[in-house]
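Visitor: The task is simple: from the sequences and hints, build the whole structure.
2 protein chains.
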Amino acid sequence: MSTQATTPFADGPAIGLICRNCQATYPLVAQHACWQCFGPLEVDYDADALARVTRESIEAGPDNMWRYAALLPAGIDPATRVTLDPGMTPLISADNLARALGMRKLWVKDDSANPTHSFKDRVVSVALTAAAQLGFERYACASTGNLANSVAAHAARAGKPSIVFIPHDLEPGKILTTAVYGGRLVAIEGSYDDVNRLCGELTETDEFESTAFVNVNVRPFYAEGSKTLGYEVAEQLGWRVPAQVVIPMASGELLTKVDKAFAELAEIGLVDDATCAVYGAQSSGCNPIATALRAGTDVITPVKPTGIAKSLNIGDPAAGPYAIDAVKRTGGWMADVDDDEIRAGIALLAETTGVFAETAGGVVVACLRKLLDEGRLDPEAETVIFNTGEGLKTLDAVSGGPTHQIKPSLRDARAAGLLG
Amino acid sequence: MSTQATTPFADGPAIGLICRNCQATYPLVAQHACWQCFGPLEVDYDADALARVTRESIEAGPDNMWRYAALLPAGIDPATRVTLDPGMTPLISADNLARALGMRKLWVKDDSANPTHSFKDRVVSVALTAAAQLGFERYACASTGNLANSVAAHAARAGKPSIVFIPHDLEPGKILTTAVYGGRLVAIEGSYDDVNRLCGELTETDEFESTAFVNVNVRPFYAEGSKTLGYEVAEQLGWRVPAQVVIPMASGELLTKVDKAFAELAEIGLVDDATCAVYGAQSSGCNPIATALRAGTDVITPVKPTGIAKSLNIGDPAAGPYAIDAVKRTGGWMADVDDDEIRAGIALLAETTGVFAETAGGVVVACLRKLLDEGRLDPEAETVIFNTGEGLKTLDAVSGGPTHQIKPSLRDARAAGLLG
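The listed protein sequences correspond, in order, to chains A and B. Counting from 1, position 81 in the first sequence corresponds to residue 81 in my numbering; the numbering is continuous, with no gaps. Counting from 1, position 77 in the second sequence corresponds to residue 77 in my numbering; the numbering is continuous, with no gaps.
Treat the hints as calculated values from the structure; they're not laboratory data. One thing to keep in mind: the hints can contain errors.
Since copy identity is lost for identical chains, a pair holds within one copy or between any two.
[To be verified] With a cut-off of at most 20 Å between alpha-carbon atoms, the simulated DMTMM-like pairs for lysine to aspartate or glutamate come out as follows: (1) K407 - E204; (2) K260 - D11; (3) K160 - D63; (4) K304 - E235; (5) K407 - D169; (6) K160 - D95; (7) K407 - E171; (8) K328 - D412; (9) K407 - E201; (10) K407 - D194; (11) K407 - E207; (12) K160 - E351; (13) K260 - D373; (14) K407 - E382; (15) K407 - D193; (16) K407 - E189.
Guide: Spelled out as structure tokens, the structure:
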């Protein structure tokens, strides 16, 4: 597949792939690592094409992430899109939560509102649209759960076969919610990092030649989908970026792409100023990026993940060094929180905003609190936190039930203290 | 509360409440039954005010259900809204599903995309906005699960206390997802109909004088929220109504309000023609409305509900006779399906559209199939089916898991047949 010509992407602004380390360039093919230095590739754009994008052209677009198609590597022609039309999720003014934390202005960008209820629908839509253009016939991924849901659902909508690889110990909600779409679902007796390694090997086999692994062989396209979260926050704030953002980290890629999105918007003149301190949030059970930052290095020491925030449990995070760079460059910081803090974060968010987040959202709220306590984050500066997933998928992480149980009578209601 | 003046609603098009049976009129107060004949009350509008609404005024509104505020009894002033801003959920072209069923054109209106992932967010937003205007200080409901989620989440966002009443045997997903918002949650040892009866009694007590039960004492306002589902379908089709709709029935009210929405749009000239055959879908475990229709009567004989479609398990459905009237008047019909058919409906919808529905959505798909098989529904006519809830809330209803389980090695992948 990797010898395919660039023709399929002729309408869009992408002109090639470029190595994030040595800047070697490649055509727009299914390739994720540099042949010179083994660095990760990312999409390279025609700066003039990006500069032609205006607020008006975006606002005239559909009410989903494809309004930013002219800033993405694939999908500028609606007929080519392989998508559930995610995006334009709510940016919620979290006034009660701000009060509880002593902050002046706080927003929650709630990506649980996407079709399969996580931000992964964004990256999958871009990856599979590119994959279809490149001629791939089957859709695949290595996943901690949310990505599996999204790939299987996208394949079902598109009428294509899917094969999804997950660690065998995922939350039941995430397994069932993949299985229901009817594709192949392969449980791997190992960690996510083991799953990811196996998928890398499978892409090299003849049998998987026409299979697009969204986060392996078409990863450069995939990763660009995360930019839309940043674009939306800026547009929803009236075309400006917030002073601070707090973003959950698994591979670290979401954080780097939101930072990139803000910078792009400033470069093409859609926002006046891209100054935004970027903060990263991890679970203490899998905190290799935060640990490296605190140790003053950008060399990530892989860990064996533990803890309830399974969607963030990537022990060997590919974009970790770039996340550290973005955080240091923007004056942000990182924190990590344990399982009890995560549970408390889920509850605090739900009780103050009506948003029921999965464990990754609990990580973000708890890290926000910790960063405030540590004096790292300014309570007076406008802040956006990202909820990337849905509480219904990680019910095991929360407990709770009826506060009262009674028979259906006024007498019982009175005896239970419900009538004063 | 019921003696409150109508002033709070002065800006909106609602002018009073009117009895659906004897047409007696009342002011806009918290009252749901007629003092003359005990018939149900509904909201009465100023026809001139409705007629001033244009396509342009709607399209200039927010991208949620409040774009139709000028057609609703409360919330025309954004500052008065008690809401999670639901609505404008996707209308999905279900081409694979249409092919599977031999239909020409089929759409899925997917209301699982609402903030708490069911259509109940619409009715709760209207009910609580009216309730706040009427001076109520606490928010409550009798619920089969989805409504509980929505009321508790709305109260959390608004910073108000909530008290929610549910049958004790609900799906764990729906109990936890209410409990997480932190309000009072009362499990009743009985059926939904028992819960509903108790809530009716509680509204008469002094201790609940300032408590708005969204589906009891402010029910006329609540019910109007369902109209927005009909408005959206028509707008999303380019301001026309489909030839056929299939709608799940619990109380039967959703069906009557979608029918009413289409008629209103025609009356005020926003669509040319409101001709739409309305079909109702029930579970065989709770089919009193479909049974009455087939028996040629509009007298509903209450049943004791059974079966997995718990969100539809209302054995004594208040709007049943009106649902039968709408179905007969429009040339539609009703069907009911058993638990195995419901499970098959969930799977068929997921595998062909990427939409994972709760049991109520499975009921609709299975009833669509049955109505086609019976020759009641025209496969050549454009049809919209309604998915009103989220599969993640009723995981117990589906089964499924990995199709393969292997160790993380190419050798194991080959042995499992994944490499050809």
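Visitor: The structure should be examined with respect to each hint, and the outcome stated for every one.
Guide: Verification of the hints:
1. In the homo-oligomer, the alpha carbons of K407 and E204 lie at most 20 Å apart only across protomers (18 Å), although the nearest pairing inside one protomer, at 63 Å, exceeds that limit.
2. In this homomeric assembly, K260 and D11 never come within 20 Å of each other (Cα to Cα): the closest approach is 22 Å inside a single copy and 45 Å across copies.
3. For the identical chains of this complex, K160 and D63 are neighbours neither inside a copy (25 Å) nor across copies (31 Å), given an alpha-carbon limit of 20 Å.
4. Taking the shortest alpha-carbon separations for K304 and E235, neither the intra-copy value of 38 Å nor the inter-copy value of 51 Å comes in at or below 20 Å.
5. Taking CA atoms no more than 20 Å apart as the test, K407 paired with D169 passes between copies only; the shortest distance there is 13 Å, against 39 Å inside one copy.
6. In this assembly of identical chains, the alpha carbons of K160 and D95 lie at most 20 Å apart only when taken from different copies (13 Å versus 44 Å within one copy).
7. Taking CA atoms no more than 20 Å apart as the test, K407 paired with E171 passes between copies only; the shortest distance there is 19 Å, against 34 Å inside one copy.
8. Proximity of K328 and D412 under a CA criterion of 20 Å is satisfied in neither setting, with 60 Å inside one chain copy and 43 Å between copies.
9. In this assembly of identical chains, K407 and E201 lie within 20 Å of each other by CA distance solely across copies; the values are 14 Å between and 59 Å within a copy.
10. With identical chains, the CA atoms of K407 and D194 are at most 20 Å apart between copies only, with a shortest distance of 9 Å across copies and 52 Å within one.
11. In this assembly of identical chains, the alpha carbons of K407 and E207 lie at most 20 Å apart only when taken from different copies (19 Å versus 61 Å within one copy).
12. With identical chains, the CA atoms of K160 and E351 are at most 20 Å apart between copies only, with a shortest distance of 10 Å across copies and 40 Å within one.
13. Proximity of K260 to D373 under the C-alpha cut-off of 20 Å is found in neither arrangement, the shortest distances being 28 Å within a copy and 54 Å between copies.
14. Taking identical chains as interchangeable, the C-alpha atoms of K407 and E382 are never at most 20 Å apart, the minima being 48 Å within one chain and 47 Å between chains.
15. When the C-alpha separation of K407 and D193 is checked against a cutoff of 20 Å, the pair qualifies only between copies, where the shortest distance is 13 Å, while the shortest distance within a copy is 51 Å.
16. Only between protomers do K407 and E189 lie at most 20 Å apart by alpha-carbon distance; the minimum there is 5 Å, versus 47 Å within a single protomer.
Consistency note: the structure conflicts with the earlier hints numbered 2, 3, 4, 8, 13, 14.
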